[in-house]
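Going line by line, the protein sequences match chains A and B. Using UniProt numbering, the first residue of the first sequence is number 1, and each one after it goes up by one. Using UniProt numbering, the first residue of the second sequence is number 1, and each one after it goes up by one.
Calculated lysine-lysine pairs in the DSSO-like style (CA-CA distance at most 27 Å, straight line):
| id | chain 1 | residue 1 | chain 2 | residue 2 |
| --- | --- | --- | --- | --- |
| 1 | A | Lys410 | A | Lys296 |
| 2 | A | Lys92 | A | Lys124 |
| 3 | A | Lys124 | B | Lys78 |
| 4 | A | Lys200 | B | Lys197 |
| 5 | A | Lys410 | B | Lys78 |
Everything labelled a hint here was simulated from the structure, so no lab data went into it.
So the chains spell out like this:
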Amino acid sequence: MNISRRTLLASSVAAAALLKAPLAWAATPPDTLIQAWAIDDIISLDPAEVFEFTASEILGNTYDGLVGYDVDDVTDISGVLAESWEVSEDGKTFTFTMKPDLQFASGNPITAADPVFSFVRVIKLDKSPAFILSQFGFTPDNVEETIRQTGDMTFEFEMDQAYAPTLVLYCLTATVGFIVDKALVLEHEADGDFGYEWLKTNYAGSGPFVIRDWRANEAVVMERNQNYWGEPPALERSIYRHIPESATERLLLQEGDIDIARKLSPQDIQALRGADGIKVQEGVKGSIYYLGLNQKNEYLSHPKVREAMKYLVDYGAIADTVMEGLVEVHQSFLPKGFLGVLEETPYSLDVDKAKALLEEAGYPDGFTVTMDTRNTPDITGMAQAIQQTMARAGITIEIIPGDGQQTLTKYRARNHDIYIGRWGPDYQDPHTNADTFARNPDNSDDASAKPLAWRNSWDIPEMTAMADAAVLEPDTEKRAEMYRELQREHQQVSPFVIMFQEIEVLAMRDEVENFIIGPSFNDNSFEFVTKG
Amino acid sequence: MSFIDRGGVQSHALFHLRRRGWAVLRFAGQITFTFFGLLLATFLIGRVVPVDPVLAVVGDRASQSTYDAAYIALGLDKPLWEQFYLYTVRVLQGDFGQSFLTKRPIVEDIARVFPATLELATVAILLGTLIGVPVGVLAAVRQGRLTDQIVRVLGLVGYSAPIFWLGLLGLLVFYANLGWVAGPGRIDIAYEYNFTKVTGILLIDTAIAGEWAAFGNVVSHLALPATLLGYFSMAYISRMTRSFMLAELAQEYVTTARVKGVSEARIIWGHALRNAAVPLVTVIALSYASLLEGSVLTETVFAWPGLGMYLTNSLQNADMNAVLGCTLVIGAIFVGLNLLSDLLYAVLDPRVRRS
Numbered sequence: 001m002n003i004s005r006r007t008l009l010a011s012s013v014a015a016a017a018l019l020k021a022p023l024a025w026a027a028t029p030p031d032t033l034i035q036a037w038a039i040d041d042i043i044s045l046d047p048a049e050v051f052e053f054t055a056s057e058i059l060g061n062t063y064d065g066l067v068g069y070d071v072d073d074v075t076d077i078s079g080v081l082a083e084s085w086e087v088s089e090d091g092k093t094f095t096f097t098m099k100p101d102l103q104f105a106s107g108n109p110i111t112a113a114d115p116v117f118s119f120v121r122v123i124k125l126d127k128s129p130a131f132i133l134s135q136f137g138f139t140p141d142n143v144e145e146t147i148r149q150t151g152d153m154t155f156e157f158e159m160d161q162a163y164a165p166t167l168v169l170y171c172l173t174a175t176v177g178f179i180v181d182k183a184l185v186l187e188h189e190a191d192g193d194f195g196y197e198w199l200k201t202n203y204a205g206s207g208p209f210v211i212r213d214w215r216a217n218e219a220v221v222m223e224r225n226q227n228y229w230g231e232p233p234a235l236e237r238s239i240y241r242h243i244p245e246s247a248t249e250r251l252l253l254q255e256g257d258i259d260i261a262r263k264l265s266p267q268d269i270q271a272l273r274g275a276d277g278i279k280v281q282e283g284v285k286g287s288i289y290y291l292g293l294n295q296k297n298e299y300l301s302h303p304k305v306r307e308a309m310k311y312l313v314d315y316g317a318i319a320d321t322v323m324e325g326l327v328e329v330h331q332s333f334l335p336k337g338f339l340g341v342l343e344e345t346p347y348s349l350d351v352d353k354a355k356a357l358l359e360e361a362g363y364p365d366g367f368t369v370t371m372d373t374r375n376t377p378d379i380t381g382m383a384q385a386i387q388q389t390m391a392r393a394g395i396t397i398e399i400i401p402g403d404g405q406q407t408l409t410k411y412r413a414r415n416h417d418i419y420i421g422r423w424g425p426d427y428q429d430p431h432t433n434a435d436t437f438a439r440n441p442d443n444s445d446d447a448s449a450k451p452l453a454w455r456n457s458w459d460i461p462e463m464t465a466m467a468d469a470a471v472l473e474p475d476t477e478k479r480a481e482m483y484r485e486l487q488r489e490h491q492q493v494s495p496f497v498i499m500f501q502e503i504e505v506l507a508m509r510d511e512v513e514n515f516i517i518g519p520s521f522n523d524n525s526f527e528f529v530t531k532g
Numbered sequence: 001m002s003f004i005d006r007g008g009v010q011s012h013a014l015f016h017l018r019r020r021g022w023a024v025l026r027f028a029g030q031i032t033f034t035f036f037g038l039l040l041a042t043f044l045i046g047r048v049v050p051v052d053p054v055l056a057v058v059g060d061r062a063s064q065s066t067y068d069a070a071y072i073a074l075g076l077d078k079p080l081w082e083q084f085y086l087y088t089v090r091v092l093q094g095d096f097g098q099s100f101l102t103k104r105p106i107v108e109d110i111a112r113v114f115p116a117t118l119e120l121a122t123v124a125i126l127l128g129t130l131i132g133v134p135v136g137v138l139a140a141v142r143q144g145r146l147t148d149q150i151v152r153v154l155g156l157v158g159y160s161a162p163i164f165w166l167g168l169l170g171l172l173v174f175y176a177n178l179g180w181v182a183g184p185g186r187i188d189i190a191y192e193y194n195f196t197k198v199t200g201i202l203l204i205d206t207a208i209a210g211e212w213a214a215f216g217n218v219v220s221h222l223a224l225p226a227t228l229l230g231y232f233s234m235a236y237i238s239r240m241t242r243s244f245m246l247a248e249l250a251q252e253y254v255t256t257a258r259v260k261g262v263s264e265a266r267i268i269w270g271h272a273l274r275n276a277a278v279p280l281v282t283v284i285a286l287s288y289a290s291l292l293e294g295s296v297l298t299e300t301v302f303a304w305p306g307l308g309m310y311l312t313n314s315l316q317n318a319d320m321n322a323v324l325g326c327t328l329v330i331g332a333i334f335v336g337l338n339l340l341s342d343l344l345y346a347v348l349d350p351r352v353r354r355s
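One chain only, chain A, in its complex shape (with noise of 0.2 Å):
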């Protein structure tokens, strides 16, 4: 009995030795990328279509604009696509002259008929990012003539007022800007569709990767690009796998069946510093979190009650434990990293001064709102650290989680009292957060504009002039100073508490070199990373 309970631990031992030997994974291969995020956002590969975080960091790789922006100075605008432009005496049309002998991954030349073609291709589709054109005046009847091709190089893009330039120049660097092969795109249109039903899920462009494949909730393959016209990539193919658990992020990264892990809690972003063999790498994003107070709430519309609103978060505390380092506090609505931003921070726990404030406003003993909340770890972990410190000056939250939609649909109907929302900008521009956090044009229910400050019912015609006047400002330091004169006063009196900067954490493999984390998911690029 005793021998055949040996031979059995022997027999049990030599299998699991014979089953690890041939199952001993081997590391990425060397010549591909493998990322593992959540890439469930992504409805369209079509950049006419695309808004969501993932698709855009996609196409930032694989297509191109006619002008980019040195991610680590922003404001350093250089053509990409169009070798040169000029702005006409009027301020109102921009002549675009294209770079010649480029060509897109189909092999097809690029001339000034595919800028062209892709812009009233945006404002004729009209889908969601079709706005960061066409508030210039661009409209489906009009686009024909004011976006013009003027000889096979050039084109003139005709706007109805004279707005900066910079606001211009940035809304181009948006996906939304992003140039399509026009031939391509042509061969696949069907009842002039503008080749959408084919683009959403296939590829036309002439970044340095190309869009092999899309599936769903599983994975998007990248191959390099071999018509590349600038310098091809070192990897030969870059891969997104749809992994949408932290922890599990965390054992492929370990061991070595992925390259970089996009997706880690803050808990698994500490455990995975120092380990063998990882390393991390951060960056400033341009997403702000924030509370948004219902001015239709009798207590929140109160003047007092939202300055003492904003001595009544644990900015700090927050950021270093429940955020464990994914945010900053930054409390003006322009992220840092865009012109103009206030880097000001005059807020911070201080319980009796939000008391007296409260006193002031005539609730001493504070009172009862609600707060509708995402369920997502980060934005819970934030309401409930939010709730309690309220609490000490008597201000009782009742947290209302719900799913992301849900949450959006009630902001939308400005159903709620309380709304803890992160907010990331649309483009590089200024204008993108001072047109939804300090501009509501119509405040009434049936607005057909719907920004931020509206959602909050929040009135401000003389905030909306200001934040009108700075898209007209040419001169780009006046138009700077502009910018921190209004988010001066947003600070002090709006209903908005800002309270975060998002930062951009992602852990990888030590021999992953040149992963570039800009500001914009766009900006993200994979363009020059090498694995040791």
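Got chain A sorted already, so can you dock chain B onto it with the hints?
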């Protein structure tokens, strides 16, 4: 006399034919009613949940004109009854519509995600049944003894431990520490493009292609999630087997068999289990059906692109076409497996066969 006899036989046959015809018709009616009810209930729930489906299509930043165009394109401007009527007509024509999220036809999406779930669920239910039934029998035969206690504790753990936690623990031990199995996902990227996906069930596809290294990789990826789900099924099946077997072993026919000197093995496996098998078939079928619905937690931990993850994602984004499509598929699974267990009743129980 012979004439009368023939007539009697003919009318008897006719009576049976008619009865069978009615049974088929009744069954078809039940199925139609079930599917219609499913569709209607899911459709109404989808419309009353406080989520704006247009947001899933155009996002939060779109202009009002973009929003309005999507609102009309989704048919949301029409009365509710008309939306349901139009949807039902399309479904009857085999068109489940397009997913807002993946921008692909729902049928195509389900055809892509369902094989992943089918593969996992089938291996899991096979493991669960092949282990669960004998273990349950053993526990019943040794009621109150150590074996029974072990089986009951194992069953209880399987019943109550969170699968999410067990999944992560399994990965940590068997993938990260021991390296016995492959990590999350269905197949390593190195093998993924080595064969053509015919059925979407990778065990079959790799075998057809003769890609045995890829086959081994698929088995290795499948091992942990299938064992885990199999364990959960086993916990349920073994408990139910034990309880059915205890009921059978207390029957008088068992005592009679023992008095007649029939061997204990024959009594257990040949008589009691045979009788316990009838309700057990329903238990196994229902377990299988619930596995085929997709297990969202297991699929999340193991990055398994199956029906559960697809359905959950669609629900969270109010992608109602996809939700309705999945509901119909799940409905069909339950109806199909119910039908199968009914047919198996007839095989296992002569009384059902005769009636």
